[in-house]
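Trainee: Chains as they are written, first to last, in the working numbering: chain A, 1 to 363; chain B, 1001 to 1266.
Be aware that one or more of the hints could be misleading.
Cβ-to-Cβ under 7 Å is the rule here; a few derived chain B residues that face chain A [unchecked claim]:
{"hint": "1", "residue": "Asp1119"}
{"hint": "2", "residue": "Ser1156"}
{"hint": "3", "residue": "Ser1164"}
{"hint": "4", "residue": "Ala1168"}
{"hint": "5", "residue": "Ser1180"}
{"hint": "6", "residue": "Arg1183"}
{"hint": "7", "residue": "Gly1186"}
Some chain A residues flagged as far from chain B (calculated, every beta-carbon gap over 12 Å) [what the hints assert, rightly or not]:
{"hint": "8", "residue": "Glu116"}
{"hint": "9", "residue": "Glu152"}
{"hint": "10", "residue": "Asp186"}
{"hint": "11", "residue": "Arg198"}
{"hint": "12", "residue": "Glu259"}
{"hint": "13", "residue": "Gln322"}
{"hint": "14", "residue": "Pro323"}
Rather than coming from a laboratory, the hints here were simulated on the basis of the structure. Idealized CB from N, CA, C, for every residue including glycine.
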Amino acid sequence: MTANHAVERTLGVGILGAGPVTQAIHLPPLARLRNLLTVRHIMDVDAAVAESVAARVGATHSTSIEALLGDPEVDVVAICSPHQFHAEQVIAACRAGKKAVLCEKPFAWNAEEAAEISAVSQETRVPIIVGAMHTFDPGWLAAEANWGDLPETAHTIRSSIVLPPNARFEDFATEIITRPASGTPDYTDAEVIKGMLRGGIMGLAIHDLPLVRRFTPDFALVEVLEARIVRPFGYIISLRTPTRTIELRAAMNNTWKPEWSFEAFSDDAAVRIDFTPSYVQAGSATATFSRAGETTVHGPFDHNGYEGEWRELAALAAWAKQPPSPQNLIDDLTFALDIAEATAAAVDADHKVGQPVREGAHA
Amino acid sequence: MSPQYTVHATPEARDAGAVDLAVASLPASFGPAEAGSAADVAVLPGQPGWTAEAARAIDGGARGIVVVNPAPESVSDLLEAAETNGSAVVLDQRWASNPAVPGAEDAVRAMAGRAAVLDSVATAPAGTGSGELLADHLAAVVRLTGHLENLRVVASGAHGYTVSGRLANGAPAALQGVLSSARPAGVSISMLTDDGGVNVTLPDPLAAWPATVKATGPQGELLLPTLYESAHRATWRRLKEHLDAGTSPSDLHRFAALTASLSALS
Chain A
1 MTANHAVERT LGVGILGAGP VTQAIHLPPL ARLRNLLTVR HIMDVDAAVA ESVAARVGAT
61 HSTSIEALLG DPEVDVVAIC SPHQFHAEQV IAACRAGKKA VLCEKPFAWN AEEAAEISAV
121 SQETRVPIIV GAMHTFDPGW LAAEANWGDL PETAHTIRSS IVLPPNARFE DFATEIITRP
181 ASGTPDYTDA EVIKGMLRGG IMGLAIHDLP LVRRFTPDFA LVEVLEARIV RPFGYIISLR
241 TPTRTIELRA AMNNTWKPEW SFEAFSDDAA VRIDFTPSYV QAGSATATFS RAGETTVHGP
301 FDHNGYEGEW RELAALAAWA KQPPSPQNLI DDLTFALDIA EATAAAVDAD HKVGQPVREG
361 AHA
Chain B
1001 MSPQYTVHAT PEARDAGAVD LAVASLPASF GPAEAGSAAD VAVLPGQPGW TAEAARAIDG
1061 GARGIVVVNP APESVSDLLE AAETNGSAVV LDQRWASNPA VPGAEDAVRA MAGRAAVLDS
1121 VATAPAGTGS GELLADHLAA VVRLTGHLEN LRVVASGAHG YTVSGRLANG APAALQGVLS
1181 SARPAGVSIS MLTDDGGVNV TLPDPLAAWP ATVKATGPQG ELLLPTLYES AHRATWRRLK
1241 EHLDAGTSPS DLHRFAALTA SLSALS
């Protein structure tokens, strides 16, 4: 097997950060897209990890962002580093004159950072996409092509996520090195509850909040009605805008049986999208439309949203597609940040910090 | 061969409870009473005031009472009348009377002590009253889980509601009602534990669509046998069993607890 065959015809990929996300999420779909993309450079602050992961794909490795961005073999950059580095690395990749950038979510920590990134993207004309993989899932895209006026007429939206620990599905995708350690939180501490809810929104709900936002034209007016945690990690969050009811559910436990669905209802139509779990190469979501006595199903298709992200990135780098609106990315981020902030505020409003929090009590 | 028990149903109850079909499907047990003669079983619609109607039917000699879609109200006087006269009162509830419910209840109760969360969604056609849907919804949920604590309406409006509560072990519970004509009405109830859970879907009794009850654990998933019987027919079968055995159904006791919960919510 020759890892770098057809080098002349493919775009060179550089990846910042070589942890489980890179190993299990990005390298498998890239292996299916060798006619479009070739991994040329892997960077990680841990030299041994960078070397090991790069060796799997026959790429160069380094421990510095400058080395990767200065590598002329790298045309497009994926940013898979810890969240706090995303903004500065996206900007650096744009300034380095790369052809396109894929940044894992969230791509910034506040609206100001997001606006700065957007400005740099427009100035350098380097398109950016955020790794909200469900928005690139062929099942979602098929739904989008068929949902008619449902985003305007929907009154109720649900996102429900039941997942085993990531490790179960990472192991279906690859052989992981360097897994982060985890501990047991103190569920009686209100600060812990706030942290869990924030983490749940920015780490889990954020996957589908861009989908929710598509069905919520008045998303800027979102308010948190109730937020509770689910042990060991998860949430029940009730939101509303003047025109929408939004319910978010998530539970990460030790079950083998995942469920990841998005639903929207109007008075006379509904769509349910069932996504495949993260990490596994199990094809796309399936979209099911229901309209009084009639059911239509779209999908499943043979690839998932992660592969969809890379196909999109390749098309953007080749100028074969219009780049996404930067405002969309900013709006997606601020929608998630607003919910995370309002959720924490709701916890503060209902519990004096430091007082024990009853499990199942509303926050 | 004459049927074992004769039946008289009000026109409203006949429609609401699909009484003709249910009785016709149990021809050895039930049959219509002749005009002018007293019936063994009286069937009543569950509109407000149904408890007084039922008590009058018992006074009139009915040995069995079927109440279709009972509205929440105090049942204490009816309970006394039924016990005094040895009459059996069964409630034909939209989802709680589905024949899959006893099996689902066992599955849920077996895991309830380890529950991490309960999430339930009920759907009904647009235009249905939120309160009406919530009554049916809560009846189905508490039939499986037992009493829910700290019940609270988080939101309620023309398109549905969200109600929060807690299971007996403290785990959070959420009940959402969605008013939309897009899908057939029904309720889904999902209780998760750390390593599995129970998922129940209950259809409307318009047809003998089977409910699904799935119990998931580390070894896999068990689908309980599918029962092609509507909640209406299952109610009539239960009535026959009680009439044959001379036993008292627990329907009214359970309904009293449900009514108390709904009162606390309103």
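Trainee: Which hints, by number, does the structure contradict?
Mentor: As far as the earlier hints go, 2, 4, 7, 12 are violated by this structure, in ascending order.
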